[in-house]
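Number of protein chains: 2
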Amino acid sequence: MEIKPVEFRDGKLILLDQTLLPHKIAYAECRTVAEVADGIKSMKVRGAPAIGITAAYGLALSKNPENDAKILLASRPTAVDLRNAVDFVLSEMKKGKSAAEAASEWHASIGERCRRIAENGATLIRDGMKIHTHCNTGSLATGVSYGTALGVIKKAWEEKKRIFVFVDETRPRFQGALTSWELRQLGIPHDVIVDSAAGHFMKRGETNMSIVGADRIAANGDFANKIGTYQVAVLAKENQVPFYVAAPFSSFDLSIESGNGIKVEERNESEVLLDIYPKGTRARNPAFDVTPAKYVTAFITEFGIHKKIKEVEMAWKSMPVSSSEQE
Amino acid sequence: MEIKPVEFRDGKLILLDQTLLPHKIAYAECRTVAEVADGIKSMKVRGAPAIGITAAYGLALSKNPENDAKILLASRPTAVDLRNAVDFVLSEMKKGKSAAEAASEWHASIGERCRRIAENGATLIRDGMKIHTHCNTGSLATGVSYGTALGVIKKAWEEKKRIFVFVDETRPRFQGALTSWELRQLGIPHDVIVDSAAGHFMKRGETNMSIVGADRIAANGDFANKIGTYQVAVLAKENQVPFYVAAPFSSFDLSIESGNGIKVEERNESEVLLDIYPKGTRARNPAFDVTPAKYVTAFITEFGIHKKIKEVEMAWKSMPVSSSEQE
Numbered sequence: 000m001e002i003k004p005v006e007f008r009d010g011k012l013i014l015l016d017q018t019l020l021p022h023k024i025a026y027a028e029c030r031t032v033a034e035v036a037d038g039i040k041s042m043k044v045r046g047a048p049a050i051g052i053t054a055a056y057g058l059a060l061s062k063n064p065e066n067d068a069k070i071l072l073a074s075r076p077t078a079v080d081l082r083n084a085v086d087f088v089l090s091e092m093k094k095g096k097s098a099a100e101a102a103s104e105w106h107a108s109i110g111e112r113c114r115r116i117a118e119n120g121a122t123l124i125r126d127g128m129k130i131h132t133h134c135n136t137g138s139l140a141t142g143v144s145y146g147t148a149l150g151v152i153k154k155a156w157e158e159k160k161r162i163f164v165f166v167d168e169t170r171p172r173f174q175g176a177l178t179s180w181e182l183r184q185l186g187i188p189h190d191v192i193v194d195s196a197a198g199h200f201m202k203r204g205e206t207n208m209s210i211v212g213a214d215r216i217a218a219n220g221d222f223a224n225k226i227g228t229y230q231v232a233v234l235a236k237e238n239q240v241p242f243y244v245a246a247p248f249s250s251f252d253l254s255i256e257s258g259n260g261i262k263v264e265e266r267n268e269s270e271v272l273l274d275i276y277p278k279g280t281r282a283r284n285p286a287f288d289v290t291p292a293k294y295v296t297a298f299i300t301e302f303g304i305h306k307k308i309k310e311v312e313m314a315w316k317s318m319p320v321s322s323s324e325q326e
Numbered sequence: 000m001e002i003k004p005v006e007f008r009d010g011k012l013i014l015l016d017q018t019l020l021p022h023k024i025a026y027a028e029c030r031t032v033a034e035v036a037d038g039i040k041s042m043k044v045r046g047a048p049a050i051g052i053t054a055a056y057g058l059a060l061s062k063n064p065e066n067d068a069k070i071l072l073a074s075r076p077t078a079v080d081l082r083n084a085v086d087f088v089l090s091e092m093k094k095g096k097s098a099a100e101a102a103s104e105w106h107a108s109i110g111e112r113c114r115r116i117a118e119n120g121a122t123l124i125r126d127g128m129k130i131h132t133h134c135n136t137g138s139l140a141t142g143v144s145y146g147t148a149l150g151v152i153k154k155a156w157e158e159k160k161r162i163f164v165f166v167d168e169t170r171p172r173f174q175g176a177l178t179s180w181e182l183r184q185l186g187i188p189h190d191v192i193v194d195s196a197a198g199h200f201m202k203r204g205e206t207n208m209s210i211v212g213a214d215r216i217a218a219n220g221d222f223a224n225k226i227g228t229y230q231v232a233v234l235a236k237e238n239q240v241p242f243y244v245a246a247p248f249s250s251f252d253l254s255i256e257s258g259n260g261i262k263v264e265e266r267n268e269s270e271v272l273l274d275i276y277p278k279g280t281r282a283r284n285p286a287f288d289v290t291p292a293k294y295v296t297a298f299i300t301e302f303g304i305h306k307k308i309k310e311v312e313m314a315w316k317s318m319p320v321s322s323s324e325q326e
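First to last, the sequence lines map onto chains L and W.
Numbering of the first sequence is given in numbering that gives the first Met the number 0, commencing with residue 0 and proceeding in unit increments.
Numbering of the second sequence is given in numbering that gives the first Met the number 0, commencing with residue 0 and proceeding in unit increments.
Just chain L, with the same shape it has in the complex (with noise of 0.2 Å):
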């Protein structure tokens, strides 16, 4: 089964509904930008390359790109994808594209970026591998074929690498349960984990990997990615687990020179409150950290594999994946 979280089909945004899964697969058809705003901050779409292309065909039901363009970039305040698409799309209706036109580039563009990121990616993992990842980074969170870090994953397992994944739930929302529904969909062996297990595998030597996605890397290589992800990152170093980035050149923010710079987004509280608490009972709920620089072992991305920034926008001045993009 190909899963299509983000489709553009007969002038209508149609959402795989992510807060559903992996209990149910329904759609959510947008045909206002309200409802595709409303579909990213709800969190039906969720990751930052997916958040990304939702936005773009977003502005294909606009009447008025420009101004809401703003509703969309409001949506969600930590994922940089969610501007550059939108900072695309605008850009390439102003050379005369149709939004719907430069909106399909760029999805097909992150489609084949995250292809090349599991190229990449791959040549790091070993067969009998056991390699550790954070929230949901495959086909749903990126919106195509090969995810971001689960994209690597799978591109080793489709090299016949034996590997074994253990799956943080990811609290609180638990897109543990969306990375577990995409391996067995591709029949790769993983075990769930609490999020707080993780280190514990770590000292213990079962886990030979980390890799997780990013929603926002900075000029020095802090980057913000699922709460979680520092403490992964931590933990990884003080067990010598190397721990990687998996991200496209969409989800770099060079304007902002560290990880000081990124707007942390604060959810609901009710999110962490299960019903297990009275009412009353008061929760903080930041869905984001930031993870310094140094304790990330290499980034990958659609260039390769780097150990700083400098070298990927390097890369990136050089080896453009599309025509457009170097304008």
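Please note that the accuracy of each hint is not assured.
Just so you know, same-sequence chains aren't split out, so a pair can sit in one copy or run between any two.
[Claimed, not checked] Simulated pairs of lysine-lysine, DSSO-like, Cα-Cα distance not exceeding 30 Å:
(1) 159 with 293
(2) 93 with 11
(3) 160 with 262
(4) 94 with 278
(5) 62 with 3
(6) 293 with 129
(7) 262 with 307
(8) 159 with 11
(9) 159 with 278
(10) 40 with 11
(11) 62 with 40
(12) 11 with 278
(13) 306 with 160
(14) 262 with 316
(15) 316 with 159
(16) 262 with 129
(17) 309 with 262
(18) 307 with 236
(19) 62 with 96
(20) 278 with 69
(21) 62 with 307
(22) 278 with 160
(23) 3 with 306
(24) 306 with 62
Hints in this document: simulated from the structure, not taken from any laboratory.
Got chain L sorted already, so can you dock chain W onto it with the hints?
Just chain W now, kept in the frame of chain L:
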């Protein structure tokens, strides 16, 4: 309201069923050793000191204590209080005491030890501090008025220090809900957070201290505690947040040299796999982890605040809490 998680009355052991908290306050009556062992296994009672007290009273329900001790000891493998309590009762019985008498003495001794832990630990807490804690270590976990780590927090609050507590939800069993429930009863302000956010708040400088309990402390200071404790310890060290372990001497196991000798219980995967996962999904569920001594700022015991276990041992030898324990 006085919480009585473990009470021996009219020849029955009455356990507050913690699996129903905080929604429902209900008690389970145990009339046989098998029922007591089941109460421990199923986590109606939990927390190392409370498990020890429960097992001690369990022997008062036995017609064959030497034999039934084995059933109790097998109920949960990680907490050493269980063994220490059973050993105490059996040895007191040899001296002519009844099991009920000996168990009651053990219970009172834990109460006194925890009161001293609270007093000692509270000296570390300054007005305005934000304190992080993992799992539940209050009255519920100890079966006495003051808990261990939470007892320290309670005492500081009674001393009119304005404190704030970050409560890890503590997957998979959500013991954070028990901690939150106890803090509400005491009126202590707190927020619940997902376990994977603890490091985020430390990194942002929002956490001044982390205090946890222990299920078994080895002779070198390595200790077992609820899964996730190891991660907290590593993150605390990484962020220069003082990390304290509060435990009575009944949680020390000087017969084992290091954490390598501690058996970590793996519990049923169903505790991890909430009903969002399709049938057939697999999980790993280590209930505890082992934290190396190097991450511990100090141990808070009934004897004082000590950096080294040798100091705890010396204090124990020179400062008996009850007259009988030194024999």
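Outcome of the hint check:
no.	hint	result
1	159 with 293	neither (32 Å within a copy, 41 Å between copies)
2	93 with 11	within (23 Å within a copy, 81 Å between copies)
3	160 with 262	neither (38 Å within a copy, 33 Å between copies)
4	94 with 278	neither (54 Å within a copy, 51 Å between copies)
5	62 with 3	within (26 Å within a copy, 65 Å between copies)
6	293 with 129	both (23 Å within a copy, 27 Å between copies)
7	262 with 307	within (22 Å within a copy, 42 Å between copies)
8	159 with 11	neither (39 Å within a copy, 60 Å between copies)
9	159 with 278	between (51 Å within a copy, 26 Å between copies)
10	40 with 11	within (18 Å within a copy, 54 Å between copies)
11	62 with 40	within (21 Å within a copy, 63 Å between copies)
12	11 with 278	neither (40 Å within a copy, 34 Å between copies)
13	306 with 160	within (25 Å within a copy, 47 Å between copies)
14	262 with 316	within (27 Å within a copy, 54 Å between copies)
15	316 with 159	neither (33 Å within a copy, 61 Å between copies)
16	262 with 129	between (33 Å within a copy, 23 Å between copies)
17	309 with 262	within (22 Å within a copy, 47 Å between copies)
18	307 with 236	both (17 Å within a copy, 26 Å between copies)
19	62 with 96	within (15 Å within a copy, 87 Å between copies)
20	278 with 69	neither (35 Å within a copy, 42 Å between copies)
21	62 with 307	neither (41 Å within a copy, 70 Å between copies)
22	278 with 160	between (49 Å within a copy, 26 Å between copies)
23	3 with 306	neither (33 Å within a copy, 56 Å between copies)
24	306 with 62	neither (43 Å within a copy, 68 Å between copies)
In terms of the numbered hints stated before, the structure departs from hints 1, 3, 4, 8, 12, 15, 20, 21, 23, 24, listed from lowest to highest.
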